[in-house]
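Trainee: Each chain, letter by letter, is given below.
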Amino acid sequence: MLTLKCPYCGVDAEETELHAEGEAHLKRFGPGSSDDDFESYLFMRENPKGVHFERWRHQSGCGKFFHAARCTMTLQVFGTYPAQTLEPPQDIKDKISATYPGWSWREFQ
Amino acid sequence: MSNVVSALAGVSHAGFAKIEETGLNGMITVRGDLGSSEMAAAVKAATGASVPAIRKIAAGDKGRVAWMSPDELLVIVAYDDVADTMAALNDGLSGVHALVANVSDARAVFRISGDNTREVLAKVSPVDLSSEAFGAGDFRRSRIAQVAAAFWMNDDNSFEVVCFRSVAQYVFDVLRVSSDKGGEVGFFS
Ligand SMILES: [Zn+2]
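Line order of the protein sequences matches chains A and B. In terms of our numbering, the first sequence is numbered consecutively and its last residue is 136. In terms of our numbering, the second sequence is numbered consecutively and its last residue is 221.
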């Protein structure tokens, strides 16, 4: 079972206390954007076998959204971090590099 | 004047631990900057308690204050004191971005007392309830079986459980089954 530490309340929350909220670090394209941008914002998602960045919500807990970096293949969790950021923090990226040198995910590496 | 009643009218069950609905409780949701001096002063004036540390419940001479999230507190006072407590909180938080809402009638509260109280909750909630991980004054928002709930531990090893009023019967039934005689596991004893 997946266990993620909520960065807001510090609880090591197991999966049944959490809710998956999809891909992390999406940039919203709304009214006035091009059709291509709007389509990719709505529908196009990463589906990697390996390093992945996700949003989760501590639903049966403090209620906050946060980010998690993990491997979809081994379920190794590299870390969790608050939602108030546009990209993964360096220490999380370093932890991923320790296991998967040369990894990349979207524009991040 | 309407006749105010709690969700289950004080129902109780005597298993290896005792489950009882505690009746009417005053409960106020407070949201705002928990680290601000205004919040500290407002909470102190309203309850006599300090703003609790993360995942703790603090007690004052007029009530208790629980940590719900980085920007939310639950203030628990006597049911008849809610109006005065609301006034004190609103007074102390005037001028800052904050919310004070009376949720007393939206909630139900149960007390778990007696033997193996930790076990009653551990069977139905994904929380580490060992004495090393959870003690008196600790507060946790989680779930009980399939519904949201929060609970804290008192000095006498009893627990108090808060849930939404709409699921009061469900939570009571779950706790009743969990505490039924013959269902002792003895994991924590
Ligand atoms: Zn949390």
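Be aware that a few hints might be false.
Stated by the list, open to error - Cut-off 20 Å, straight-line C-alpha distance, at most; resulting in silico cross-link-like pairs (SDA-like, lysine to any residue):
#1 K32(A) / A41(B)
#2 K88(B) / G49(A)
#3 K155(B) / D39(A)
#4 K91(A) / K88(B)
As the list claims (entries may be wrong) - Here's a subset of chain A near chain B, in silico, CB distances under 8 Å, partners left out:
#5 T43
#6 A47
#7 C89
#8 K91
#9 F92
#10 S124
#11 A125
#12 W132
#13 E134
What the hints assert, rightly or not - Some chain A residues close to chain B (C-beta under 7 Å, calculated; not the full set):
#14 E41
#15 E44
#16 F56
#17 G57
#18 G88
Hints were generated in silico from the structure; no laboratory data involved. This one's a predicted model, so the numbers in the text were calculated from it and none came from an experiment. Glycine included, each C-beta is placed from N, C-alpha and C at the ideal position.
Trainee: All hints are to be evaluated individually against the structure, with a verdict given for each.
Mentor: Hint by hint, here is what the structure shows:
Between K32(A) and A41(B) the alpha-carbon distance is near 38 Å, which puts this suggested pair outside the 20 Å criterion. The hinted pair formed by K88(B) and G49(A) fails the criterion: a straight-line CA distance of about 31 Å is larger than 20 Å. Taking the CA atoms of K155(B) and D39(A), the gap is near 18 Å; set against the 20 Å cutoff, the hint holds. Under the criterion of a C-alpha separation no larger than 20 Å, the hint pairing K91(A) with K88(B) is consistent with the structure, at around 18 Å.
The beta carbon of T43(A) is positioned within 8 Å of a beta carbon in chain B (closest approach about 6 Å), and the interface hint is therefore held. Nearest Cβ of chain B to the Cβ of A47(A): about 16 Å, over the 8 Å cut. The hint is violated. The beta carbon of C89(A) comes within 4 Å of a beta carbon in chain B, closer than 8 Å, and the hint placing it at the interface holds. Against a cut-off of 8 Å between C-beta atoms, the interface hint on K91(A) holds, since the closest Cβ of chain B lies about 6 Å away.
Taken as an interface hint, F92(A) does not check out: its beta carbon lies about 11 Å from the nearest beta carbon of chain B, beyond 8 Å. Restraint check, S124(A) versus chain B: the minimum CB separation of about 30 Å is more than 8 Å; hint violated. Taking 8 Å as the C-beta contact cut-off toward chain B, the hint placing A125(A) at the interface is violated, the least distance being around 28 Å. Against a cut-off of 8 Å between C-beta atoms, the interface hint on W132(A) is violated, since the closest Cβ of chain B lies about 28 Å away.
At about 29 Å, the closest approach between the beta carbon of E134(A) and any beta carbon in chain B exceeds 8 Å, and the interface hint on this residue is violated. Below 7 Å, beta-carbon pairs count as interface contacts, and E41(A) has one with chain B at about 5 Å; its hint therefore holds. Below 7 Å, beta-carbon pairs count as interface contacts, and E44(A) has one with chain B at about 5 Å; its hint therefore holds. Look at F56(A): its Cβ only gets to about 29 Å from chain B, farther than 7 Å, so that hint breaks.
For G57(A), the shortest C-beta to C-beta distance to chain B is roughly 26 Å, which exceeds 7 Å, and the interface hint is violated. Checking G88(A) against chain B by beta carbon gives a least distance of about 5 Å; that is within 7 Å, so the hint holds.
Of the hints listed earlier, those the structure fails to meet are numbers 1, 2, 6, 9, 10, 11, 12, 13, 16 and 17, in rising order.
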